[in-house]
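Listed below, chain by chain, are the residues.
There are 6 protein chains.
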Amino acid sequence: MIEELYISRLLNYLEEDAYPEDVTSRFLEGIRARGVVKSRDEGIIAGLRFIVPFLKYLGLEVIAHKRDGEAIHRGDAIIEVVGDASRLLAVERLTLNLLSRLSGIATATGTMVKLARSINPMVRVAGTRKTTPGFRAFEKYAIEVGGGDPHRFNLADAVLIKDNHIAIYGNLERLIRLVKEGTSFMRKVEVEVSTYEDAIRAYRAGADAILLDNMRPSDIAPIVGELKGRVILEASGGITLDNVVEYARTGVDIISSGYITHSSRALDLTMDAEGMQ
Amino acid sequence: MIEELYISRLLNYLEEDAYPEDVTSRFLEGIRARGVVKSRDEGIIAGLRFIVPFLKYLGLEVIAHKRDGEAIHRGDAIIEVVGDASRLLAVERLTLNLLSRLSGIATATGTMVKLARSINPMVRVAGTRKTTPGFRAFEKYAIEVGGGDPHRFNLADAVLIKDNHIAIYGNLERLIRLVKEGTSFMRKVEVEVSTYEDAIRAYRAGADAILLDNMRPSDIAPIVGELKGRVILEASGGITLDNVVEYARTGVDIISSGYITHSSRALDLTMDAEGMQ
Amino acid sequence: MIEELYISRLLNYLEEDAYPEDVTSRFLEGIRARGVVKSRDEGIIAGLRFIVPFLKYLGLEVIAHKRDGEAIHRGDAIIEVVGDASRLLAVERLTLNLLSRLSGIATATGTMVKLARSINPMVRVAGTRKTTPGFRAFEKYAIEVGGGDPHRFNLADAVLIKDNHIAIYGNLERLIRLVKEGTSFMRKVEVEVSTYEDAIRAYRAGADAILLDNMRPSDIAPIVGELKGRVILEASGGITLDNVVEYARTGVDIISSGYITHSSRALDLTMDAEGMQ
Amino acid sequence: MIEELYISRLLNYLEEDAYPEDVTSRFLEGIRARGVVKSRDEGIIAGLRFIVPFLKYLGLEVIAHKRDGEAIHRGDAIIEVVGDASRLLAVERLTLNLLSRLSGIATATGTMVKLARSINPMVRVAGTRKTTPGFRAFEKYAIEVGGGDPHRFNLADAVLIKDNHIAIYGNLERLIRLVKEGTSFMRKVEVEVSTYEDAIRAYRAGADAILLDNMRPSDIAPIVGELKGRVILEASGGITLDNVVEYARTGVDIISSGYITHSSRALDLTMDAEGMQ
Amino acid sequence: MIEELYISRLLNYLEEDAYPEDVTSRFLEGIRARGVVKSRDEGIIAGLRFIVPFLKYLGLEVIAHKRDGEAIHRGDAIIEVVGDASRLLAVERLTLNLLSRLSGIATATGTMVKLARSINPMVRVAGTRKTTPGFRAFEKYAIEVGGGDPHRFNLADAVLIKDNHIAIYGNLERLIRLVKEGTSFMRKVEVEVSTYEDAIRAYRAGADAILLDNMRPSDIAPIVGELKGRVILEASGGITLDNVVEYARTGVDIISSGYITHSSRALDLTMDAEGMQ
Amino acid sequence: MIEELYISRLLNYLEEDAYPEDVTSRFLEGIRARGVVKSRDEGIIAGLRFIVPFLKYLGLEVIAHKRDGEAIHRGDAIIEVVGDASRLLAVERLTLNLLSRLSGIATATGTMVKLARSINPMVRVAGTRKTTPGFRAFEKYAIEVGGGDPHRFNLADAVLIKDNHIAIYGNLERLIRLVKEGTSFMRKVEVEVSTYEDAIRAYRAGADAILLDNMRPSDIAPIVGELKGRVILEASGGITLDNVVEYARTGVDIISSGYITHSSRALDLTMDAEGMQ
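Order-wise, the sequence lines are chains A, B, C, D, E and F. Going by the numbering used here, the first residue of the first sequence is number 1, and it counts up by one from there. Going by the numbering used here, the first residue of the second sequence is number 1, and it counts up by one from there. Going by the numbering used here, the first residue of the third sequence is number 1, and it counts up by one from there. Going by the numbering used here, the first residue of the fourth sequence is number 1, and it counts up by one from there. Going by the numbering used here, the first residue of the fifth sequence is number 1, and it counts up by one from there. Going by the numbering used here, the first residue of the sixth sequence is number 1, and it counts up by one from there.
The shape of chain A in the complex, shown without the other chains:
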């Protein structure tokens, strides 16, 4: 990863919070201070990859006690940051906001992966495009840190023919054929279906992957029985920590979940600071 590509984004985020001036912390300018980011939660830490170089870019010294993907526990020190107090405190909230949100996503992903693989060791848990506008690259990164598959970054990197495409176009097979002819050979083509029959049709029309949308595990099982190993099978729609095991048990290759990005709980992180003599 070229972390430099993220610096200007992080500067924009800091500008959102601290421009033109942190009217509180400015009064501490000239005092050297140390801040320790600590966890008040259990989970998987994510986001250090972005934050550590950024804090260094701002001239702060950083000691990282953890790396992205490591488990963290209540009371763990994650990073220590030393520098001018006015600067340390101006960037505190951005640091915590980014780490706690990404760690929340990584943690939810990790939990889901663990649950799913307890019953189906080969299954992958994937994200979706249900991310916060403007913040997707960070959230997709967090999914990977949590052991998940990022799925599509955007609408340009793979084809996914969804229910609305089919509803508008009218004919599943013809649409798949049209798409396969007109799409780069380097892009995969996935098709969303919600019945056994459509799954078979999509497979026969040449889909690389089939997304079984909003289907019950009991309806998915026969499709897996028929198509497993011949096409990638993905289950999606309303999958959370509560029901992921049942979906994993069906034998699908991929379980994707919007929950891990749009509704996961942020990890509770805090920073304790003190002056340094």
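These aren't lab readings, by the way, just hints derived from the structure by calculation. Heads up, some of the hints might be wrong.
As the list makes no split between identical chains, a pair holds if one copy fits it or if it spans any two.
The calculated lysine-lysine pairs, modelled on DSSO-like cross-linking and capped at a C-alpha distance of 30 Å, are [claimed, not checked]:
hint, residue 1, residue 2
1, 66, 38
2, 114, 162
3, 162, 180
4, 38, 56
Assemble chains B, C, D, E and F onto chain A, guided by the hints.
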């Protein structure tokens, strides 16, 4: 609000998802279609203020059945969008991501306001700066739609002397005095404390507001007894839907909660589309 | 395609040329004029998709006599533009630069497609990432207009393990396995090789596509004989209009060429303008 | 030159290719590697001025064996780059795309300069505004590296009254007078003509330079005979390596050519990489 | 202050002046030079906080003889800058433009503060939003350097109900009440009036501050007599160095002046450069 | 002029003032209002060219009673703006700031032109690069509106060899020769001198224009006597309304003045608004 100030942000969000090309929906170019955004959830809708002008900017026709702040129920149609199918589907996900996240925040805020005011009709529920990096203006807006107080937009628009400031500076009264002398007369000064004694000291030193951080309701009550009406009193720290009533009962003026932005659940919205003859 | 996503790019291009002021054309302000973009060349027109909405955005009236992908001949009128002379002439050069470059790429692509398919009707001609920095989306579009396959838009949308990756990593099979485990199921994996043996190894290790780099047609033929239909086969490296037929004859699925973007000749277009009474 | 003014442009170019992640090269993270940019072509190298500081900005070590403007030959090593393999390979294509395009322009310019001066040692070869949108500053730089004159950077830095201006305005002399009165004394005024008579008229009306557009050398010669030394004379229109000598022989001061930017062939450069123990 | 938040702004300013190339100073590339910024004026220096880090960012060595807020006199050396001559001279004008404008504002502010406090030691002199578009953060900073109060940074950080708001809405008290209910508790509410009666009404309706607009000192005095100490009183409208003492004498808390930003004279600064052997 | 090139700049300026929300004017949303921009000053209006299209872009209706360059008097209505009150008032300050600053510059320029031409009808008054960072294009425009010559837009559009260049390089003639050889034929070359001897030397070395810097009129006169008509002669340095006549009397071609941009007084404009039934 000058909605034009948000158009380029929304274009950037669309670019994140759909640049240089939606390689699926492009195959539907030339087909006229209608999409209806529907709710599969209960709550308060927020974000139409941004999305409706944006969809119109993109040349789509929009009929809005709801306005920001209205209650929505399972099955409600929120907006109808008509236009070229390739365009409608390329912007579907951004539309849903923005509305569902903002509505989730508005809904959580609204619930908290209702709970808090059931016991303390004058109390305000406020947000915090615990927002998604880059997306704060939208999330603060959603708080207001839900009936909450946005609190500070950023570090420049009011002073909040927090625990870390005091820990580093060393003396509460001297820091408050320093800040009041050096801060514009147009900015309020709030001070975060966690004991009765510090609350009294902050009040005497001239704070406009006092943030009672991570204190139990039982510890807050005597402070309210002493200072109510003489200074604005805000309770904060770990307040969620589960305990907000207890905090409201203390008689504080303001209850602020990071939960409503960093950990609220997105509302479940969907779009159903069909071709038009 | 959401043309609005390109408007700000085109404005930046116009700014490059005409900011803060076209110090010549300003003297014609207030005179209504018509300009006709004409061809002095043979080829395929490309770029109207961007330029026509942009000229309209600038308040000019446009009549398009051609659409992207149509053949143009010496003397053909492509578009007519009417409006204030100062504005028409300020945007003339950008209009011509964009159209002539994209049409040059589309024309070279079209010629190559025609040649290749004369011997191998199923073969696809693909572009590469050898594009002008900052201008790739336009150039990839021109490839498609010319009948080609855009190949990867960027390094994020598919995996291509190249000679340098293998040289650095050291073991072809292990690298392919590592990549396949760590890459999203929605991304294809292509491997670049330059010998028969490596092609077989890449196939066996699970590559979705194999790029035969800088190999003679005679060396490619046996690989096609062995792997055709079991994996996508792409020939690349030094392929131009002069030798594309020989490569097509090998039976590969894909022929990719940097030539069509980095060294194709711009089409010769011009604009004739006149005042209107 | 302030190279820092180009860093953010180059970062944008890298973002175009490698954001959010190079999904292939990421698997080589942690391996130190060396890449050598080599020539497979003859020509003049250009672009190191931008690329070398940029690679250093990205934390890579660079040894430059050549400087912009030097001749390069088949097999020459141009620069060596050392650093993390994932980073080296993510930036390889941008490095090559920029250097090969700019070197192609510098080489075409240098060849044209050499040819033109073989017969007319004082003549200058100039570029035009026929550049790739968004990329002009780089291409103008390459013209200078090749020994050419960049001509106007944009429509704001000098006046050039072209055929279309005259066609719309109607009267050559009056337009020149109008322009000279209304234009800053620090900007030159050039007038495009295509006949002997108009050249004389433009000279008499006070043009600083006269552009003889699309005229045959035999028609240019008498104008040179008449006006040489009294006004700058520039020949333009369809001038390539094939006919530049004939134009140079006419004795004009300047020969300008769109060919060197819009249709020159990119130089064939490559990077060979290997791991380092 | 996070100076990094200003670097990209300063780069944009330099780009405005020196992109793509300083066509004069480039001829001095390779010569090491020293430039000394000197004052030809009396006043208060402001802007070094931005310029010094920026010059260092550009690789120039800087010795600062003054700090923002210090008095400067005719002939004083302010900073010395050493580096490549082409770079030093390319940034000279931006350096001088920024310092001379900000110092002019700081100086006018300082003079006004001194005059006002000679008669009323507790009075504050405040700026307004009458700043140069795009340059406000710098100008507000200069006001503070001169000893002034920056007042609102923008329309979002505090409420100021002005004459036009009242004229449109129609009822002073109702508007104040509406605003106080709908505005965050962290934002102050100021009301602009121009009569004694309205001042009393605004006070009674709960304004935090009252702006006495375009009133004569003799009309302000009775309002101060009535409301001093119960609400913040600000005088504004046509206040310059000539009449500030009379306004200060009224006993108001705040005197605000657009003059100090929109019509103050730039300080006369210059740079003397010389080559270094 | 392509006004669209300025819209995004004006949006940025509005964002500086009104993002994310005008917390006062929002309370007037839904009320239709009319605002009239009036003059409380005498002068020349400038900036309508930018502001009128911008207000229309924001959906406001505008009636312009004046055009840029017209004289305005105390009490004159300049433009009327009608639309939603919240929007009208949010953009009021930007409208006034831009118009009053540009009109101040145009007025100062116009006054200087009038004075100078009263004695020397052919003289031009020119601006300098002493402009507000980031705002130059607007200020140069105002100079032209006031009847002045904008001089160089930036360091790239013409050569000006200044005292510092010569001091560093060491030899006037050699530097001029070097520059003339290396500079595009389309750029003029001006040389700054401060003695009669250097003026002659610069002329002989081929300067297109000579800037007589910080010289007394009496020292300029003999240079004009010698060089008038053979080279453009420009006087500069400390020229204000007080002494411009003396400089004009010397017979120089150009008088340039930093005063008109860096120290001119903003024109006093105001907006009166009222609700509409």
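So, going through the hints one by one against the coordinates:
| no. | hint | in the structure |
| --- | --- | --- |
| 1 | 66 / 38 | within (11 Å within a copy, 41 Å between copies) |
| 2 | 114 / 162 | within (28 Å within a copy, 34 Å between copies) |
| 3 | 162 / 180 | both (15 Å within a copy, 25 Å between copies) |
| 4 | 38 / 56 | within (19 Å within a copy, 35 Å between copies) |
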